[in-house]
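> Letter by letter, the chains look like this.
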Amino acid sequence: MTAAVFFGCAFIAFGPAFSLFIFTIARDPLRVIILIAGAFFWLLSLLLSSLVWFIAMKASNAEDTKVQTGLLIFGVFFSVLLQEVFRFAYYRLLRKANEGLAAISDEETSPISVQQMAYVAGLGFGIISGAFSMINILSDTLGPGTVGIFGDSQYYFITSALMTLAITLLQIFWGVVFFDGCEKSRWWVIAVVVCLHLLVSGLSLLNPLYEGSLPPVYAITVLMAVWAFFASGGSLHNLSLLFTRKILFVLQLICFVKM
Amino acid sequence: MNTSDSEEDACNERTALVQSESPSLPSYTRQTDPQHGTTEPKRVSEGPAAAAERDSGPVPDGEDEELTLKYGAKHVIMLFVPVTLCMVVVVATIKSVSFYTEKNGQQLIYTPFTEDTNSVGQRLLNSVLNTIIMISVIVVMTIFLVVLYKYRCYKFIHGWLILSSLMLLFWFSYMYLGEVFKTYNVAMDYPTVAMIIWNFGAVGMICIHWKGPLQLQQAYLIVISALMALVFIKYLPEWSAWVILGAISVYDLIAVLCPKGPLRMLVETAQERNEPIFPALIYSCKSAHPSSEVHHSEDVILEREEAEPEVQTHRGQNRSYSAEEELEEDRGVKLGLGDFIFYSVLVGKAAATGGDWNTTLACFVAILIGLCLTLLLLAIFKKALPALPISITFGLVFYFSTDNLVRPFMDNLAAHQYYI
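The listed protein sequences derive, respectively, from chains R and H. Those letters in the first sequence? Residues 1 to 259, by UniProt numbering. Those letters in the second sequence? Residues 1 to 420, by UniProt numbering.
Note that these hints are calculated values from the structure, not bench results. Think of the CB as a built atom: it goes at the ideal place given N, C-alpha and C, for glycine as much as any other residue.
Capping the alpha-carbon separation at 27 Å, the derived lysine-lysine pairs in DSS-like fashion look like this:
no.: 1; chain 1: H; residue 1: Lys150; chain 2: H; residue 2: Lys383
no.: 2; chain 1: H; residue 1: Lys260; chain 2: H; residue 2: Lys150
no.: 3; chain 1: H; residue 1: Lys103; chain 2: H; residue 2: Lys182
no.: 4; chain 1: H; residue 1: Lys95; chain 2: H; residue 2: Lys182
no.: 5; chain 1: R; residue 1: Lys96; chain 2: H; residue 2: Lys74
no.: 6; chain 1: R; residue 1: Lys96; chain 2: H; residue 2: Lys383
no.: 7; chain 1: H; residue 1: Lys383; chain 2: H; residue 2: Lys74
no.: 8; chain 1: R; residue 1: Lys96; chain 2: H; residue 2: Lys382
no.: 9; chain 1: H; residue 1: Lys211; chain 2: H; residue 2: Lys74
FRET-style restraints, in silico, Cβ to Cβ:
no.: 10; chain 1: R; residue 1: Pro208; chain 2: H; residue 2: Ala202; range: 55 to 63 Å
no.: 11; chain 1: R; residue 1: Glu63; chain 2: H; residue 2: Thr117; range: 29 to 37 Å
no.: 12; chain 1: R; residue 1: Ala3; chain 2: H; residue 2: Arg273; range: 55 to 63 Å
no.: 13; chain 1: R; residue 1: Gln68; chain 2: H; residue 2: Thr353; range: 24 to 32 Å
no.: 14; chain 1: R; residue 1: Ala59; chain 2: H; residue 2: His416; range: 16 to 24 Å
no.: 15; chain 1: R; residue 1: Pro208; chain 2: H; residue 2: Val203; range: 49 to 57 Å
no.: 16; chain 1: H; residue 1: Trp198; chain 2: R; residue 2: Ile22; range: 35 to 43 Å
no.: 17; chain 1: H; residue 1: Ile162; chain 2: R; residue 2: Ala59; range: 57 to 65 Å
Given the sequences, and given the hints that come with them, work out the whole structure.
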């Protein structure tokens, strides 16, 4: 396919995650380590769920496509559940590490807060999940081929990129909300996050009916963004302050320039 | 004012948690030299002197340890970056230059048994035999090196290493350049190539064996490791490569941790003599101020490419430096180039076979996490540790499981556009 497809899809899928990495993670070594460890945990969950799916697949009749599709769907949901389990496990590990860091620190506080760790862990999950979904597809866009030659959708690449972006952002927000729920022992929050993850994966099962999968997923992304914003300590007051400060600043700049 | 020792100790970047007490005599702290990882021996200084230097009262344990842990995280990143760069170079080359994935039957003399056999059993047997031969060659050479060192044949060692680095910097890079030109169909004449290779090689020899800007030296070390890894990827047969990777991690473990292990004996001999330990090819990342000259009192000498991941390096007599220079200079971790090479071999082979990027990514993450864990263990145990076993184990586990289990799963998901 063309270079435009490659670059377009790459930037759509990985642009935000990459910029978040550059601006918020890259300068702090501790955050980089937490990010990579988060990716590792996600990989472990994927490994285990693939193992289960593989065993189920080998144990069943390979010819029967209905059974195979059913097993694949089971694999999807099992993988989602396992991801959330590993997210919880990672939360426990980070809490322990945080206590350790605080204990040896001079000021009795750890150099990194739980909210920051939640964000970094979510980003780690998001980046590796997006990479595993998208990289092979991206490398295919560099080679020759005709999209949808057998009657499949023409929009395979762009919808994959959009879905990958949504999943990456969702993983970040789920991470923040999940950790917050664990911190405050609000178990209903965790249940809602798991259900939303299952819902998003379920919606993706509607593909290639993209109208049924992409808009709802993005709606959920926006909702999760708002929820994560409030869960990590944001408020409408903060937002209004931000805007008034910005407006004040801009007005001052204009006055200064005019003078 | 004896600031140098205390400053050095106070801000020592070990990845280990520093002991707050220090012996009264300045001595080289050998026990924190990890074999395949990190730290240079630092001079331990008096506690009170250290306190005075830091402008605070008695230095509390916590501050020391927090500083060390912060620097510990920094060290991990200082190692992540070069390891990642080396792997990126190797993967990029493998994916674009087909020369390094073509098997035309040529093999190294260290792996004489062919894998072109009819039965699986025969192939397995051949790969195990190849591994045995390769590991024995490595063991023999290490022991030879230890013997040379024990009997103070320094000139011989230096000569050997200079010869090896000459071969790498000139011959292997010439081959590499040739293959890149062939891949991209670039027309090139011999005089230009001679100029390029001559400059590249000469500057490399100077940087590595004598003096040079730190970053240039680091870049050359990364390039050499990548070249070596590419040679291994090309010339090691498929199954032999995997078995060798496994075997060399085990050997690394034994050689570094067993009391009679050759590498450990090397360390102890150097310790007894209180001199720069036999310097092999070591990558050192110092968080020195960019403008300051970093003096290498030790020679970083190239090791024969067949030799195993060597390691220690002992910082020489640094008394001539000012306190700040030593402060900045000594913040460094060192990792043997053999580790770079074998990490890159693993990731390169993952990239070479199959063309699946997920496997490569998984191996990459696994190796980085292994490195992280190794450095954590270093912080806990404060002694020489091998850097290969954990990373290679994780890498191998992830390679085989991703290739066989995750790949069909993700392929199926991608075919239906299901997302997890």
